[in-house]
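*Asks:* Chain residues, written in single-letter form:
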Amino acid sequence: MTASESRRVGSWVEAAPAPLVLVIGPEELLSVRAVEAIVSAVRGAQGSVAVTAFSAAASSRGDLRAATSPSLFAEPGVVVVEEGEAMNDEFLKDAVDYALSPDPDVVVILRHSGAVRGKRALEAWRAAGASEFLCPAVKRDSELVEFVEGEFTRARREVRPQAVRALVDAVGGDVSELAGACRQLLDDVAGPVTEEAVSTYYGSRVNATGFAVADAAIVGRTEEALTLVRHALDTGTDPVPLVAALASKLRTLATVGAARGRGLDPKAMGLAPWQVDRARRDLRHWEADSLARAIESVAYADAQIKGAGRDPQFAVEKAVRTVASLASH
Amino acid sequence: MSVWDQVVGQGDALEPLIAAARSEDAMTHAWLITGPPGSGRSIAARAFGAALQCREAGCGTCHACRTAVAGGHPDVRLVSTEKVTFSVEEVRQLVSHAQSAPSEGRWRVIVVEDADRMTERTSNVLLKAIEEPPPRTVWVLCAPSLHDVATTIRSRCRTLTLRIPDPEVVAWLLIERDGVEPGLARECALAAQSHIGVAQRLASDPAARERREKVLALATGMRGVGDAVLGAGDLTALADEDAKAATEARNAAELVELYVSLGVEAGERLPPALRAQVRQLEEDQKRRATRAKRDVLDRALLDLLSLYRDVAVLQMGAPVGLVNERHREGIADLAARLSLEGTLDRMDAIGVARERLAGNVSPLLAIEAMALALRPVIP
Ligand SMILES: [Zn+2]
Chain A
204 MTASESRRVG
214 SWVEAAPAPL
224 VLVIGPEELL
234 SVRAVEAIVS
244 AVRGAQGSVA
254 VTAFSAAASS
264 RGDLRAATSP
274 SLFAEPGVVV
284 VEEGEAMNDE
294 FLKDAVDYAL
304 SPDPDVVVIL
314 RHSGAVRGKR
324 ALEAWRAAGA
334 SEFLCPAVKR
344 DSELVEFVEG
354 EFTRARREVR
364 PQAVRALVDA
374 VGGDVSELAG
384 ACRQLLDDVA
394 GPVTEEAVST
404 YYGSRVNATG
414 FAVADAAIVG
424 RTEEALTLVR
434 HALDTGTDPV
444 PLVAALASKL
454 RTLATVGAAR
464 GRGLDPKAMG
474 LAPWQVDRAR
484 RDLRHWEADS
494 LARAIESVAY
504 ADAQIKGAGR
514 DPQFAVEKAV
524 RTVASLASH
Chain B
9 MSVWDQVVGQ
19 GDALEPLIAA
29 ARSEDAMTHA
39 WLITGPPGSG
49 RSIAARAFGA
59 ALQCREAGCG
69 TCHACRTAVA
79 GGHPDVRLVS
89 TEKVTFSVEE
99 VRQLVSHAQS
109 APSEGRWRVI
119 VVEDADRMTE
129 RTSNVLLKAI
139 EEPPPRTVWV
149 LCAPSLHDVA
159 TTIRSRCRTL
169 TLRIPDPEVV
179 AWLLIERDGV
189 EPGLARECAL
199 AAQSHIGVAQ
209 RLASDPAARE
219 RREKVLALAT
229 GMRGVGDAVL
239 GAGDLTALAD
249 EDAKAATEAR
259 NAAELVELYV
269 SLGVEAGERL
279 PPALRAQVRQ
289 LEEDQKRRAT
299 RAKRDVLDRA
309 LLDLLSLYRD
319 VAVLQMGAPV
329 GLVNERHREG
339 IADLAARLSL
349 EGTLDRMDAI
359 GVARERLAGN
369 VSPLLAIEAM
379 ALALRPVIP
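Protein chains in written order, with this note's numbering: chain A, 204 to 532; chain B, 9 to 387.
Rather than coming from a laboratory, the hints here were simulated on the basis of the structure. Hints are supplied without guarantee of correctness; some may be wrong.
[What the hints assert, rightly or not] Sample of chain B residues lacking proximity to chain A, with all beta carbon distances greater than 12 Å (derived):
(1) HIS37
(2) ILE51
(3) SER95
(4) ARG125
(5) LEU135
(6) PRO143
(7) GLY205
(8) ASP235
(9) GLY239
(10) LEU263
(11) ARG299
(12) LEU313
(13) LEU322
(14) ALA357
[Stated by the list, open to error] Quick list of in silico lysine to aspartate or glutamate cross-link-like pairs, EDC-like style, CA-CA up to 20 Å:
(15) LYS222(B) - ASP250(B)
(16) LYS509(A) - GLU337(B)
(17) LYS342(A) - GLU354(A)
(18) LYS470(A) - ASP124(B)
(19) LYS222(B) - GLU337(B)
(20) LYS342(A) - GLU231(A)
(21) LYS294(B) - GLU97(B)
(22) LYS509(A) - ASP303(B)
(23) LYS342(A) - GLU326(A)
(24) LYS509(A) - ASP242(B)
(25) LYS470(A) - GLU354(A)
(26) LYS470(A) - GLU363(B)
(27) LYS294(B) - GLU337(B)
(28) LYS509(A) - ASP124(B)
(29) LYS509(A) - ASP306(B)
(30) LYS136(B) - GLU121(B)
[Claimed, not checked] Derived coverage of chain A by chain B (criterion: at least 3 residues anywhere in the stretch with Cβ under 8 Å from a Cβ of chain B; other residues may be distant):
(31) 447 to 459
(32) 486 to 494
(33) 506 to 513
In this text, a Cβ means the ideal position worked out from N, Cα and C, and glycines have one as well.
Whenever a hint applies, use it, and build me the whole structure from the sequences.
*Replies:* This is the structure we're talking about:
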């Protein structure tokens, strides 16, 4: 049996250490995850790991051999070569040479988007038995849905198909944003993730950013909330859902507070258990009157951004600042 | 009974319209009828449209009079938008409609029931048509006040101003025309603050009266932040229900009609090429529901305003009756707990909420902020 017949080829999810590893495909997030998985597998096995990284596009002859040289390491090493799809001729020659006698104690990972350039190096590695993990594009709707489903099953959590659908619709086609949204739902929702949980968090269109801003603001983390809101506005986020998220968080606080005062079950008021738990925690930062003033400031901001004011961005920032300053620390 | 009998309590404000319907010498091609909600602007405009089609200048009994008043006369077009403002496209269609000669009557009449819902751009489209109307076309624009209409439009129209009729006059109309029992007629006329349409609905629909009671209870029963936020949620949900009830039957009928016109059986799978039309209809219906909800909420806010007006009346010891006599106890309680200034602040907060709703602020958020400002004590 030759090396090329026994080599491992699989999805990014299966990424595991080997002397030669190809991480192939255009999806950056998945490729980063594959590399992280390999690094942490090596660390797990050895207790520690030294990671060296360089770009194949700006490599000099001998760089690869030098990076893998055992004299450099007191601990097991992982070498990550970035931008394989833009490799220069020097690296190409290095890579072909290295494939003839790879160091069995070092893991060398070559990241490559899958473009044509560097084909000879890839072939040499494959012939030498390199493991290969694929990171296909996650762009089309079916790919996005599959990705979200995967995020939950990998975390061993149940998710309803309608919830997956709703999340993809609400968050849109950016894989990193989707991954962030899945993370938040995994952290905040107990039990199966339902469509209601998704819509509570993401509304029909309110984005994850809006709730991240609101989460920071209502516990008084002013700087964090302002940084997030400025970044969102600078990257073209619509101010309307940002304000809607603030309003929604404050409403939940007031509702849970009201239920507590009346000895009512907040779940009977259309709130999910995780919302109630979270609101109970967050309520420590609030008194009735400051809550009233916070809601007024958000209503004022909503009017400003819908035409009453000249500067919607300023209005949103001001509301965030007001809410955060009303939350006691 | 003449068509003009429907417009009550206006003294001789209607004379120019009546004269124009009697003689072409007194005719103008563009009219602007202003007056607060409930003054009967659109009723007056419809009566004028009818009088222009009638052989006897508004007998009130002939076929032309009856169809025009009911909105079914082919030469009297009643236009209102169900959106927040008219779209340019809507006004363009109207303008091209205005170019055609009347089909059976003497005049082609176009009544724009909410001419205040126009942006400057749409106003400019309308302006051209008003400046050079075809010889048999008459425009009748209605708006709450002169300031709600672009100056350019206003200056090309003959204007007349209606006022809110006396509640006694409205009660009389309910008794005489609709046969409402006098006590109830008076109560409803007062509660509607002389808005004829609202008074009619209150008098004829017990559920409408009940909803109004719930709205007032929001103010009289509120103690703190929790009450305010929960109450705002209830009020908004109530408006949703109300608006839904008002639009649901019509939406379903429209959908069936569209299917028929597209040649598709109900329940059959739509060919992709036709889906766009269904989606368009659904979007229009959604916009209509949004406006209906906003209008219902605005009505509720006017009810609340009347309650605080009553509080102020008691506080000042003014020698006038209460609009909400039935709630005297709750009103007296508020009057004792608030200063006069505090009452006026709350009336302002209601005014702010009305502005916010008109400005497309999230209804629930606008109502929450208002309800919080109505709390009896703010330190
Ligand atoms: Zn007649």
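*Asks:* A separate judgement is required for each hint: does it hold in the structure or not?
*Replies:* Do the hints match the structure? See the list:
Every beta carbon of chain A lies more than 12 Å from that of HIS37(B), the smallest distance being close to 34 Å; the non-interface claim holds. For ILE51(B), the shortest C-beta to C-beta distance to chain A comes to about 32 Å, beyond the 12 Å cut-off, and the non-interface label holds. SER95(B), annotated as away from the interface, keeps every beta carbon of chain A farther than 12 Å; the closest lies near 17 Å. The Cβ of ARG125(B) sits about 14 Å from the closest Cβ of chain A, beyond the 12 Å cut-off, so the non-interface label holds.
Its beta-carbon lying about 23 Å from the closest one in chain A, LEU135(B) satisfies the requirement of being farther than 12 Å from that chain. Against the 12 Å criterion, PRO143(B) stays outside the reach of chain A, whose nearest CB is about 40 Å from its own CB. Its beta-carbon lying about 28 Å from the closest one in chain A, GLY205(B) satisfies the requirement of being farther than 12 Å from that chain. Non-interface call for ASP235(B) relative to chain A: violated, since the shortest CB-CB distance, roughly 7 Å, does not exceed 12 Å.
The beta carbon of GLY239(B) is not kept farther than 12 Å from every beta carbon of chain A, the shortest such distance being approximately 10 Å. Here LEU263(B) stays apart from chain A, with its beta-carbon at least about 22 Å from theirs, past the 12 Å limit. No beta-carbon of chain A is positioned within 12 Å of the beta-carbon of ARG299(B); the least distance is around 15 Å. Listed as outside the interface, LEU313(B) is consistent with that label: its C-beta sits roughly 18 Å from the nearest C-beta of chain A, beyond the 12 Å cut-off.
Every Cβ of chain A is farther than 12 Å from the Cβ of LEU322(B); the closest lies at roughly 26 Å, confirming the non-interface assignment. At roughly 9 Å from the closest C-beta of chain A, the C-beta of ALA357(B) falls inside 12 Å, breaking its exclusion from the interface. Restraint check: the Cα-Cα separation between LYS222(B) and ASP250(B) comes to about 13 Å, which is no more than 20 Å; the hinted pair holds. A threshold of 20 Å between alpha carbons decides the hint, and for LYS509(A) with GLU337(B) the separation of about 40 Å lies outside it, so the pair is violated.
In summary, the hint linking LYS342(A) to GLU354(A) is supported, as the alpha carbons are separated by about 16 Å, within the 20 Å threshold. This hinted pair does not check out: LYS470(A) and ASP124(B) have alpha carbons roughly 44 Å apart, beyond 20 Å. Distance restraint check for LYS222(B) and GLU337(B): the Cα-Cα separation of roughly 16 Å lies within the 20 Å cut-off, and the hinted pair is therefore satisfied. For the given pair, LYS342(A) sits about 12 Å from GLU231(A) by alpha-carbon distance, which is consistent with the 20 Å threshold.
Proposed proximity of LYS294(B) and GLU97(B) is supported: the alpha carbons are some 18 Å apart, at most 20 Å. As the CA atoms of LYS509(A) and ASP303(B) are separated by approximately 18 Å, the hinted pair is consistent with the 20 Å bound. A threshold of 20 Å between alpha carbons decides the hint, and for LYS342(A) with GLU326(A) the separation of about 27 Å lies outside it, so the pair is violated. For the hint linking LYS509(A) to ASP242(B), the alpha-carbon distance of about 24 Å lies beyond 20 Å, and the restraint is violated.
Distance check on the hinted pair: LYS470(A) and GLU354(A) sit about 28 Å apart at the alpha-carbon level, beyond 20 Å; violated. Only pairs whose Cα atoms come within 20 Å are accepted, and LYS470(A) paired with GLU363(B) is rejected, the gap being roughly 33 Å. A C-alpha spacing of about 41 Å is found between LYS294(B) and GLU337(B), which places the hinted pair above 20 Å, so the restraint is violated. Only pairs whose Cα atoms come within 20 Å are accepted, and LYS509(A) paired with ASP124(B) is accepted, the gap being roughly 19 Å.
Distance restraint check for LYS509(A) and ASP306(B): the Cα-Cα separation of roughly 18 Å lies within the 20 Å cut-off, and the hinted pair is therefore satisfied. Under the criterion of a C-alpha separation no larger than 20 Å, the hint pairing LYS136(B) with GLU121(B) is consistent with the structure, at around 19 Å. Counting residues of the region 447 to 459 of chain A whose beta carbon lies closer than 8 Å to any beta carbon of chain B gives 5, which reaches the threshold of three, so the coverage claim holds. Check on the region 486 to 494 of chain A: 3 of its residues sit with their Cβ under 8 Å from a Cβ of chain B, so the three-residue criterion for coverage holds.
Only when three residues or more bring their CB closer than 8 Å to a CB of chain B does the claim for the region 506 to 513 of chain A stand; here the count is 4, and the claim holds.
Comparing the model with each numbered hint stated earlier shows that hints 8, 9, 14, 16, 18, 23, 24, 25, 26, 27 do not hold.
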